[in-house]
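Read off the chains here:
There are 2 protein chains.
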Amino acid sequence: MAPTVTLLIQPLPSGEVGADLDATFREVDASAPALRVGELSTQRGDGIFETIGVVDGHAQEARAHLERLRNSARICELPEPNLPQWEAAIARAVGSLPATGEYALKLVLSRGVEHGPAPTAWLHASAAADFTAAREHGIRVVTLDRGYARGTAERAPWLLLGAKTLSYAVNMAALREAKRRGADDTIFVTSDGYVMEGPTSSVIIRRGGVYATPAPSGAILHGTTQQSLFEHVEAAGGRTEYRDIAVEELTTADAAWLVSSVRLAAGITDVDGTSVPYDADETRELNAYLLSPRD
Amino acid sequence: MAPTVTLLIQPLPSGEVGADLDATFREVDASAPALRVGELSTQRGDGIFETIGVVDGHAQEARAHLERLRNSARICELPEPNLPQWEAAIARAVGSLPATGEYALKLVLSRGVEHGPAPTAWLHASAAADFTAAREHGIRVVTLDRGYARGTAERAPWLLLGAKTLSYAVNMAALREAKRRGADDTIFVTSDGYVMEGPTSSVIIRRGGVYATPAPSGAILHGTTQQSLFEHVEAAGGRTEYRDIAVEELTTADAAWLVSSVRLAAGITDVDGTSVPYDADETRELNAYLLSPRD
Numbered sequence: 000m001a002p003t004v005t006l007l008i009q010p011l012p013s014g015e016v017g018a019d020l021d022a023t024f025r026e027v028d029a030s031a032p033a034l035r036v037g038e039l040s041t042q043r044g045d046g047i048f049e050t051i052g053v054v055d056g057h058a059q060e061a062r063a064h065l066e067r068l069r070n071s072a073r074i075c076e077l078p079e080p081n082l083p084q085w086e087a088a089i090a091r092a093v094g095s096l097p098a099t100g101e102y103a104l105k106l107v108l109s110r111g112v113e114h115g116p117a118p119t120a121w122l123h124a125s126a127a128a129d130f131t132a133a134r135e136h137g138i139r140v141v142t143l144d145r146g147y148a149r150g151t152a153e154r155a156p157w158l159l160l161g162a163k164t165l166s167y168a169v170n171m172a173a174l175r176e177a178k179r180r181g182a183d184d185t186i187f188v189t190s191d192g193y194v195m196e197g198p199t200s201s202v203i204i205r206r207g208g209v210y211a212t213p214a215p216s217g218a219i220l221h222g223t224t225q226q227s228l229f230e231h232v233e234a235a236g237g238r239t240e241y242r243d244i245a246v247e248e249l250t251t252a253d254a255a256w257l258v259s260s261v262r263l264a265a266g267i268t269d270v271d272g273t274s275v276p277y278d279a280d281e282t283r284e285l286n287a288y289l290l291s292p293r294d
Numbered sequence: 000m001a002p003t004v005t006l007l008i009q010p011l012p013s014g015e016v017g018a019d020l021d022a023t024f025r026e027v028d029a030s031a032p033a034l035r036v037g038e039l040s041t042q043r044g045d046g047i048f049e050t051i052g053v054v055d056g057h058a059q060e061a062r063a064h065l066e067r068l069r070n071s072a073r074i075c076e077l078p079e080p081n082l083p084q085w086e087a088a089i090a091r092a093v094g095s096l097p098a099t100g101e102y103a104l105k106l107v108l109s110r111g112v113e114h115g116p117a118p119t120a121w122l123h124a125s126a127a128a129d130f131t132a133a134r135e136h137g138i139r140v141v142t143l144d145r146g147y148a149r150g151t152a153e154r155a156p157w158l159l160l161g162a163k164t165l166s167y168a169v170n171m172a173a174l175r176e177a178k179r180r181g182a183d184d185t186i187f188v189t190s191d192g193y194v195m196e197g198p199t200s201s202v203i204i205r206r207g208g209v210y211a212t213p214a215p216s217g218a219i220l221h222g223t224t225q226q227s228l229f230e231h232v233e234a235a236g237g238r239t240e241y242r243d244i245a246v247e248e249l250t251t252a253d254a255a256w257l258v259s260s261v262r263l264a265a266g267i268t269d270v271d272g273t274s275v276p277y278d279a280d281e282t283r284e285l286n287a288y289l290l291s292p293r294d
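Protein chains in written order, with numbering that gives the first Met the number 0: chain A, 0 to 294; chain B, 0 to 294.
Among the hints, erroneous ones may be present.
Below 25 Å or equal to it, Euclidean Cα-Cα: the simulated SDA-like pairs (lysine to any residue) are [as the list claims (entries may be wrong)]:
| # | chain 1 | residue 1 | chain 2 | residue 2 |
| --- | --- | --- | --- | --- |
| 1 | A | 178 | B | 112 |
| 2 | B | 105 | A | 117 |
| 3 | A | 178 | B | 116 |
| 4 | B | 178 | A | 154 |
| 5 | B | 178 | A | 246 |
| 6 | B | 105 | A | 152 |
| 7 | B | 178 | A | 114 |
| 8 | A | 178 | B | 154 |
| 9 | B | 178 | A | 69 |
| 10 | A | 178 | A | 152 |
| 11 | B | 178 | A | 73 |
| 12 | B | 178 | B | 112 |
| 13 | B | 105 | A | 112 |
| 14 | B | 178 | A | 105 |
| 15 | A | 178 | B | 152 |
| 16 | A | 105 | B | 69 |
| 17 | A | 105 | B | 37 |
| 18 | B | 178 | A | 79 |
| 19 | B | 178 | A | 161 |
| 20 | A | 178 | B | 37 |
| 21 | A | 105 | B | 154 |
| 22 | B | 178 | A | 156 |
| 23 | A | 105 | B | 32 |
| 24 | B | 105 | A | 73 |
| 25 | B | 105 | A | 114 |
| 26 | A | 178 | B | 69 |
| 27 | B | 105 | A | 32 |
| 28 | B | 178 | A | 153 |
| 29 | A | 105 | B | 113 |
| 30 | B | 178 | A | 152 |
| 31 | B | 178 | A | 72 |
| 32 | B | 105 | A | 116 |
| 33 | A | 105 | B | 31 |
| 34 | B | 178 | A | 117 |
Since the hints were derived computationally from the structure, they do not count as laboratory data.
Model the full assembly from the supplied sequences, consistent with the hints where possible.
Below you can see the structure in the form of structure tokens.
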């Protein structure tokens with residue numbers, strides 16, 4: 000049994016500093032009850048989260064994840080998270096993990112117990128699944144309609160598109176639908192035919208030497224791994240762009256990936272049953288970068 | 000402090016009978032931790048629920064709620080709930096509540112702990128909020144775009160429209176938006192302008208003596224309170240229909256209500272800032288019916 004670490008966190012208001020942060024954490028056994036049934040996270044999926052990859056004792060891109068947690072809190076009208084407190088919690092959890100291996104570190108900020116006075120928060124670290132096959136041999140994807148036309152997020156902010164909320168039942172249903180169709184993963188598309196994102200990942204395509212991802216219009220999450228890869232590509236002199244990507248481009252691109260914090264870069268081999276170009280060498284290089292310590 | 004009852008339930012497979020059902024329930028203190036952080040209900044809003052009204056010791060329309068729980072489980076590919084076990088849990092909870100007063104009884108069926116062997120389930124009864132003002136004086140509503148065009152549910156079943164899932168962050172955000180606009184509640188409409196439902200209620204309009212509600216097309220929940228009211232209207236010789244309702248009809252109807260299991264019938268007085276006809280007498284009669292014992 001691989002080790003896990005679970006910390007319950009008593010959330011401090013943003014800006015409150017100088018407290019004994021360790022006193023706001025309580026380590027608990029993951030197999031023991033820790034949450035009340037009145038938790039709005041569980042009753043209504045009413046909260047936000049981030050999943051950070053930990054590689055050989057280093058939390059990857061922790062700051063970018065925390066900035067996105069803050070952005071999700073703003074969209075969901077949750078109290079602004081105290082980032083130094085979260086950083087301390089991450090450091091404490093990572094310090095309790097083995098010095099080698101890959102782990103997934105999940106941060107949750109819930110609206111708290113119904114009629115309760117304050118949000119609740121916790122962090123849970125567990126061994127990452129073995130994604131060797133997806134990284135080295137790629138994945139088959141299906142495209143699934145997310146039901147929204149392009150421009151919906153701007154028109155209807157109450158749909159919380161762009162926030163990483165705990166209300167992920169649809170994302171999980173889309174992954175089940177992919178498996179049913181003999182694929183490994185899903186790419187959500189708008190009802191008018193534009194690429195959005197995977198249920199737990201971002202989409203990157205390469206076409207004529209340029210790396211592109213859908214413009215972060217408010218309808219999709221701004222992917223931390225995607226941003227890190229774009230910086231990597233640009234540092235090597237490559238070109239990147241944010242733009243609308245029609246679904247047809249998934250099959251005409253020179254290469255395409257789903258990228259995420261724990262599985263990292265998975266090259267797409269097959270879209271809706273059609274084989275597409277798969278670049279094994281470049282995927283290997285991207286994953287070597289993603290497995291190196293990144294801040 | 001009004002009494003609460005919380006029962007953790009060890010879910011039996013559907014069809015398993017003859018067990019000592021009481022041995023599958025464990026009463027816990029609602030203020031004590033009962034759920035693990037690995038719960039998929041809390042991590043992903045991955046589970047389903049029902050809220051049953053309890054009036055003076057009687058669980059209202061329990062069977063209709065349990066049938067809908069079963070339907071939600073089917074849509075979400077959760078194990079079929081064992082309805083006799085849930086009925087026994089409801090009976091036990093209701094038996095522990097005071098013989099008078101209104102309570103809300105929440106049933107939750109979660110996909111369970113991540114990588115765990117089985118779903119988890121619980122039931123939580125608490126005192127209903129005081130909805131006297133909404134019942135007697137009505138509510139102001141705003142219409143909010145749900146982002147989906149009519150027909151989306153049929154095309155994209157992975158969106159889980161028609162299932163009562165725990166992924167309710169959008170429903171809660173829509174209620175916050177209503178408050179921000181000075182209203183009490185929301186009516187979701189399709190992106191092409193048809194009435195759907197409230198975040199936690201069904202819509203009924205009366206027009207020319209006929210009671211209408213949106214056709215249960217798969218995009219909306221089939222409301223248990225709405226069905227009960229339609230039976231009541233029909234029993235008295237009234238006419239009811241399921242049909243598409245254009246958003247404009249909310250302001251031209253002779254009367255309109257949001258109906259739900261605990262607040263019951265709330266007459267609409269105002270739609271997007273425009274006053275609409277409000278029938279105080281009929282609303283009083285509908286609530287008298289809804290407060291009588293119903294099965």
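Quick rundown of the hints versus the structure:
1. For the hint pairing residue 178 (chain A) with residue 112 (chain B), the CA-to-CA distance comes to about 21 Å; that is within 25 Å, so the pair holds.
2. A threshold of 25 Å between alpha carbons decides the hint, and for residue 105 (chain B) with residue 117 (chain A) the separation of about 22 Å falls inside it, so the pair holds.
3. Restraint check: the Cα-Cα separation between residue 178 (chain A) and residue 116 (chain B) comes to about 20 Å, which is no more than 25 Å; the hinted pair holds.
4. Taking the CA atoms of residue 178 (chain B) and residue 154 (chain A), the gap is near 18 Å; set against the 25 Å cutoff, the hint holds.
5. Of the pairs offered as hints, the one joining residue 178 (chain B) and residue 246 (chain A) is violated, with about 38 Å between alpha carbons and a cut-off of 25 Å exceeded.
6. For the hint linking residue 105 (chain B) to residue 152 (chain A), the alpha-carbon distance of about 31 Å lies beyond 25 Å, and the restraint is violated.
7. Pair hint residue 178 (chain B) plus residue 114 (chain A) holds up; C-alpha atoms about 17 Å apart against a cutoff of 25 Å.
8. A threshold of 25 Å between alpha carbons decides the hint, and for residue 178 (chain A) with residue 154 (chain B) the separation of about 18 Å falls inside it, so the pair holds.
9. Taking the CA atoms of residue 178 (chain B) and residue 69 (chain A), the gap is near 23 Å; set against the 25 Å cutoff, the hint holds.
10. Proximity of residue 178 (chain A) to residue 152 (chain A) is assessed by CA-CA distance (about 28 Å); at most 25 Å being required, the pair is judged violated.
11. Between residue 178 (chain B) and residue 73 (chain A) the CA atoms are separated by roughly 17 Å; this keeps the pair inside 25 Å, and the hint holds.
12. With a CA separation close to 35 Å, the supplied pair residue 178 (chain B) and residue 112 (chain B) exceeds the 25 Å bound.
13. Note on residue 105 (chain B) and residue 112 (chain A): the hinted pairing holds, with a Cα-Cα distance of about 15 Å set against a maximum of 25 Å.
14. In summary, the hint linking residue 178 (chain B) to residue 105 (chain A) is not supported, as the alpha carbons are separated by about 32 Å, beyond the 25 Å threshold.
15. Proposed proximity of residue 178 (chain A) and residue 152 (chain B) is supported: the alpha carbons are some 20 Å apart, at most 25 Å.
16. Restraint check for residue 105 (chain A) and residue 69 (chain B): the C-alpha separation of about 31 Å exceeds 25 Å, so the hint is violated.
17. Straight-line distance between C-alpha atoms of residue 105 (chain A) and residue 37 (chain B) comes to about 10 Å, which keeps the hinted pair within the 25 Å bound.
18. As the CA atoms of residue 178 (chain B) and residue 79 (chain A) are separated by approximately 21 Å, the hinted pair is consistent with the 25 Å bound.
19. Restraint check for residue 178 (chain B) and residue 161 (chain A): satisfied, since their Cα atoms lie roughly 22 Å apart, inside the 25 Å limit.
20. Of the pairs offered as hints, the one joining residue 178 (chain A) and residue 37 (chain B) holds, with about 23 Å between alpha carbons and a cut-off of 25 Å not exceeded.
21. Only pairs whose Cα atoms come within 25 Å are accepted, and residue 105 (chain A) paired with residue 154 (chain B) is rejected, the gap being roughly 33 Å.
22. The hinted pair formed by residue 178 (chain B) and residue 156 (chain A) meets the criterion: a straight-line CA distance of about 15 Å does not exceed 25 Å.
23. Our distance criterion of 25 Å between C-alpha atoms is met by residue 105 (chain A) and residue 32 (chain B), whose separation comes to about 20 Å.
24. Distance hint between residue 105 (chain B) and residue 73 (chain A) is unfulfilled; the C-alpha atoms sit about 29 Å from each other, more than 25 Å.
25. Restraint check: the Cα-Cα separation between residue 105 (chain B) and residue 114 (chain A) comes to about 15 Å, which is no more than 25 Å; the hinted pair holds.
26. For the given pair, residue 178 (chain A) sits about 23 Å from residue 69 (chain B) by alpha-carbon distance, which is consistent with the 25 Å threshold.
27. Between residue 105 (chain B) and residue 32 (chain A) the alpha-carbon distance is near 20 Å, which keeps this suggested pair within the 25 Å criterion.
28. For the proposed pair residue 178 (chain B) and residue 153 (chain A), the alpha carbon gap of about 20 Å is at most 25 Å, so the pair holds.
29. Taking the CA atoms of residue 105 (chain A) and residue 113 (chain B), the gap is near 13 Å; set against the 25 Å cutoff, the hint holds.
30. This hinted pair checks out: residue 178 (chain B) and residue 152 (chain A) have alpha carbons roughly 20 Å apart, not beyond 25 Å.
31. This hinted pair checks out: residue 178 (chain B) and residue 72 (chain A) have alpha carbons roughly 19 Å apart, not beyond 25 Å.
32. For a cut-off of 25 Å, the pair hint linking residue 105 (chain B) to residue 116 (chain A) stands: about 21 Å separates their Cα positions.
33. With a C-alpha separation of about 23 Å, the suggested pair residue 105 (chain A) and residue 31 (chain B) falls inside the 25 Å cut-off, and the hint holds.
34. Distance hint between residue 178 (chain B) and residue 117 (chain A) is fulfilled; the C-alpha atoms sit about 20 Å from each other, no more than 25 Å.
The structure shown violates the earlier hints numbered 5, 6, 10, 12, 14, 16, 21, 24.
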